[in-house]
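> Add chain B with the ligand to chain A, keeping to what the hints say.
For the record, the sequence lines run as chains A and B. If you read the first sequence in this note's numbering, its first letter stands for residue 1, the second for the next number, and so on. If you read the second sequence in this note's numbering, its first letter stands for residue 1, the second for the next number, and so on.
FYI, nobody ran anything at the bench for these hints, they're computed from the structure. A hint or two may mislead.
[To be verified] These stretches of chain A come out as covered by chain B in the derived footprint (C-beta under 8 Å, 3 or more residues):
no., region
1, 35-44
2, 76-87
3, 148-155
4, 192-198
5, 374-386
6, 399-412
Each residue gets a CB set at the ideal place from its N, CA and C atoms; glycine is no exception.
Chain residues, written in single-letter form:
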Amino acid sequence: MTPMTLTEKILAQHAGRDAVGPGDNIWVDVDVLMTHDVCGPGTIGVFKQHFGKDAKVWDREKVVIVPDHYIFTADKMANRNVDVLREFVREQGLPYYYDVGTDQYKGVCHIALPEEGHTRPGEVLFGTDSHTCTAGAFGEFATGIGNTDAGFILGTGKLWVKVPPTMRFVFHGQLPPYLMAKDLILAVIGDIGCDGATYRAMEFDGDGVYALNIEERMTLCNMVIEAGGKNGIIAPDKVTLDYVNARNKHAKTYTMVHTDPGAKFIHEKVYDVTKLQPVVAKPHSPDNRAAVGEVRGTKLDRAYIGSCTGGKLTDFRAAAKILKDKSVKIDTFVVPATSEVASGLKSEKIGGQTLEEVFLSAGAKVGPPSCAACLGGPSDTFGRLNQPLSCISTTNRNFPGRMGHKEARVYLASPLTVAASALNGVITDPREYLE
Amino acid sequence: MQTTITGKAYVLGDNIDTDQIIPAQYLTFNPSIPEEYKQFGKYALSSVPPSQAGLPKGHVPFHTDDEFVSPYKIVVAGKNFGCGSSREHAPIALDAAGIEAVVAEFYARIFYRNSVNGGYLIPLECVERLCERVCTGDELRLDVVAHTLHNITTGERYELKPLGEVAPILEAGGIFPFARKSGMLKV
Ligand code: SF4
Numbered sequence: 001m002t003p004m005t006l007t008e009k010i011l012a013q014h015a016g017r018d019a020v021g022p023g024d025n026i027w028v029d030v031d032v033l034m035t036h037d038v039c040g041p042g043t044i045g046v047f048k049q050h051f052g053k054d055a056k057v058w059d060r061e062k063v064v065i066v067p068d069h070y071i072f073t074a075d076k077m078a079n080r081n082v083d084v085l086r087e088f089v090r091e092q093g094l095p096y097y098y099d100v101g102t103d104q105y106k107g108v109c110h111i112a113l114p115e116e117g118h119t120r121p122g123e124v125l126f127g128t129d130s131h132t133c134t135a136g137a138f139g140e141f142a143t144g145i146g147n148t149d150a151g152f153i154l155g156t157g158k159l160w161v162k163v164p165p166t167m168r169f170v171f172h173g174q175l176p177p178y179l180m181a182k183d184l185i186l187a188v189i190g191d192i193g194c195d196g197a198t199y200r201a202m203e204f205d206g207d208g209v210y211a212l213n214i215e216e217r218m219t220l221c222n223m224v225i226e227a228g229g230k231n232g233i234i235a236p237d238k239v240t241l242d243y244v245n246a247r248n249k250h251a252k253t254y255t256m257v258h259t260d261p262g263a264k265f266i267h268e269k270v271y272d273v274t275k276l277q278p279v280v281a282k283p284h285s286p287d288n289r290a291a292v293g294e295v296r297g298t299k300l301d302r303a304y305i306g307s308c309t310g311g312k313l314t315d316f317r318a319a320a321k322i323l324k325d326k327s328v329k330i331d332t333f334v335v336p337a338t339s340e341v342a343s344g345l346k347s348e349k350i351g352g353q354t355l356e357e358v359f360l361s362a363g364a365k366v367g368p369p370s371c372a373a374c375l376g377g378p379s380d381t382f383g384r385l386n387q388p389l390s391c392i393s394t395t396n397r398n399f400p401g402r403m404g405h406k407e408a409r410v411y412l413a414s415p416l417t418v419a420a421s422a423l424n425g426v427i428t429d430p431r432e433y434l435e
Numbered sequence: 001m002q003t004t005i006t007g008k009a010y011v012l013g014d015n016i017d018t019d020q021i022i023p024a025q026y027l028t029f030n031p032s033i034p035e036e037y038k039q040f041g042k043y044a045l046s047s048v049p050p051s052q053a054g055l056p057k058g059h060v061p062f063h064t065d066d067e068f069v070s071p072y073k074i075v076v077a078g079k080n081f082g083c084g085s086s087r088e089h090a091p092i093a094l095d096a097a098g099i100e101a102v103v104a105e106f107y108a109r110i111f112y113r114n115s116v117n118g119g120y121l122i123p124l125e126c127v128e129r130l131c132e133r134v135c136t137g138d139e140l141r142l143d144v145v146a147h148t149l150h151n152i153t154t155g156e157r158y159e160l161k162p163l164g165e166v167a168p169i170l171e172a173g174g175i176f177p178f179a180r181k182s183g184m185l186k187v
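Isolated chain B (complex conformation):
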């Protein structure tokens, strides 16, 4: 697990569901094939309605149509991020697009679990509502261990919630390495 992450913010609102993160028509790619894994990056966040994409202004593309990787590194969002389906393709799409962490008020359960167990990205929870404080394009520095977020562009510092019981799984790199380390898995 990376303990500090520095990069640009991409800001979204509440209830960003898995159909907006990766629309169903692209689920035919098989994430266990590396060539196809990359494709998810290209379609990540492609169903977010334009007015809601890249807040506060909206209409900020996550990347241009033919790019696989986005210039943004950290997604900042509101409530219930990742609600909807159980598709692991959702954290995979964000990971493939270059997103290393999400900072949201709270997550839908399966998205959170998939992010942690698959080791795709670090899902952090904010204390105050940051999707109305941070602007798309702001340069952020995230300290995962100290659970703080520094907005380099505005000079503001925000407190985040500690990772808690999932920290050891994220540190190990996902549920498989975690289970091996703890002796639960012998292969």
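Bound conformation, chain A alone:
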């Protein structure tokens, strides 16, 4: 049989076929459908329009709803949308709903999914959010879709997909202390461009990848969409299984899938991580890469550490290492992705201080877990750029208007680089603050 890539094998299994190849259009069975407060109401609307007012979802165990985008706001419409989710969950009796204002509340969906045991190797996950590709870090096929597709899945449990060809990125070597997964993925996007992986899968491999913890692997997969990728994927290993099994509270079974030897890649690139530099993506595109050295000294008004790609415990550990016993020079906003990360900030200590104490005593503001200013949101959103400011951010997008004002300038960088820059008020190489 023709050897297949990890992505092709998962899709073939979910289409009930022995083999598929790039370009095939197939119907696949869906393991998990995730939606949130921004796209959930539209998805529910599509579902009801086509399957009837009293229709039931295809499988209650396979639907996960996570309000996360517009949460801590006085905006009436935003709050109305969460009510729409609540009502749907009640009427359908859905078991996996993480409601605002309860101790079930989680925060950003892409981090909530693995924390709550909804990501497993070998599965097919669709979500009404482009960063659903984050879950590829668990060795599954995960990608973003719109309301119509999601409404279709709610009724049928199926969706048509075109099998993508796979690009392979191999990282070798031990990551130096001044680099993070964010530097790796910004390097890749800078190399291939923000359309370089359009209609393609991006598979990450190599000892440099397997040396990363699961949160860093999520950062890699999170940003494949910034290169236009359909999905990012990393084959499961012990690190994956340890995480997944510890979180698998619903005792679901899963199958590990690996790329066959001899499988064909449409593009292959090998990186030696010890040779890479800390980088930023300059305004207004994630592929507008520059080495920190080239833009060092650029004046900033604000720093932001948060989101699904830059608001995990690993990200805050890194930032705290730099900010410990120092003071920021510019407004600095810290937003944990989820409530679990938020409690980590209160419990994890470095040098006798909790991470949260490190941030507060450095002069940063710490907000409640949600997407917050990563995508602008209503004007009262924590950290939103309501003026044309320059901001350095651990988030994943810097298109015009993304964090609020359409003339704001956003630089994307690793938590280490963002923290070092916050201390100086200008773009700064983290090596200045690391021994």
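Frame of chain A, contents of chain B with the ligand only:
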């Protein structure tokens, strides 16, 4: 699916992302409520930087601030149209504003899929780079079946790529009618 579309062009450049097509602050409207669907038309393309709005000159508003529908019918753009988020509100905003087709060099995957599966507009790909040939305001006539674009203002004719495998979905009017027609969906 309409097979010919005649109307004015609105021209944009490369990498027009979903935040420019419909800024995040308006995503609180629910597109499944018809009154709110219309609102997306009002804010369509409202985050495109003015110098890039309505090429080649720029600074051409897509519509005036209080209008819901634009005088333009066809968007002509460069590479990677609709990149960024998965929000279906993006093709919805263009549809609500009266756009019936987009002609771009190529699309970001999710925008393309949403346009086709939701049946909002026809996403066509050009063979040569048309965002530097067509001017905002040019009168165009698009023949979807013959995949050609006639610029009535300049007299030029351009070849487009055939729709290919998504044609049957667009002809049916979206993924639901398509799945019903093919017998895959029984409701
Ligand atoms: S944190 Fe930002 S990128 Fe992540 S899901 Fe929320 S809005 Fe999207």
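> For every hint, state whether the structure bears it out.
Taking the hints in turn, this is what the structure says about them:
Beta-carbon proximity to chain B at under 8 Å applies to 5 residues in the region 35-44 of chain A; the threshold of 3 is reached and the given coverage holds. Residues of the region 76-87 of chain A with a Cβ under 8 Å from some Cβ of chain B number 5, which satisfies the need for three, so the listed coverage holds. With a threshold of 8 Å between beta carbons, the proposed coverage of the region 148-155 of chain A by chain B holds, since 4 of its residues qualify and at least three are required. Remark: the region 192-198 of chain A is confirmed as covered by chain B, as 3 of its residues place a Cβ nearer than 8 Å to a Cβ of that chain, reaching the required three.
Residue count for the region 374-386 of chain A with a Cβ under 8 Å from a Cβ of chain B: 5. That meets the three needed, and the coverage hint holds. Check result for the region 399-412 of chain A against chain B: holds, 6 residues qualifying (beta carbon to beta carbon below 8 Å, three or more required).
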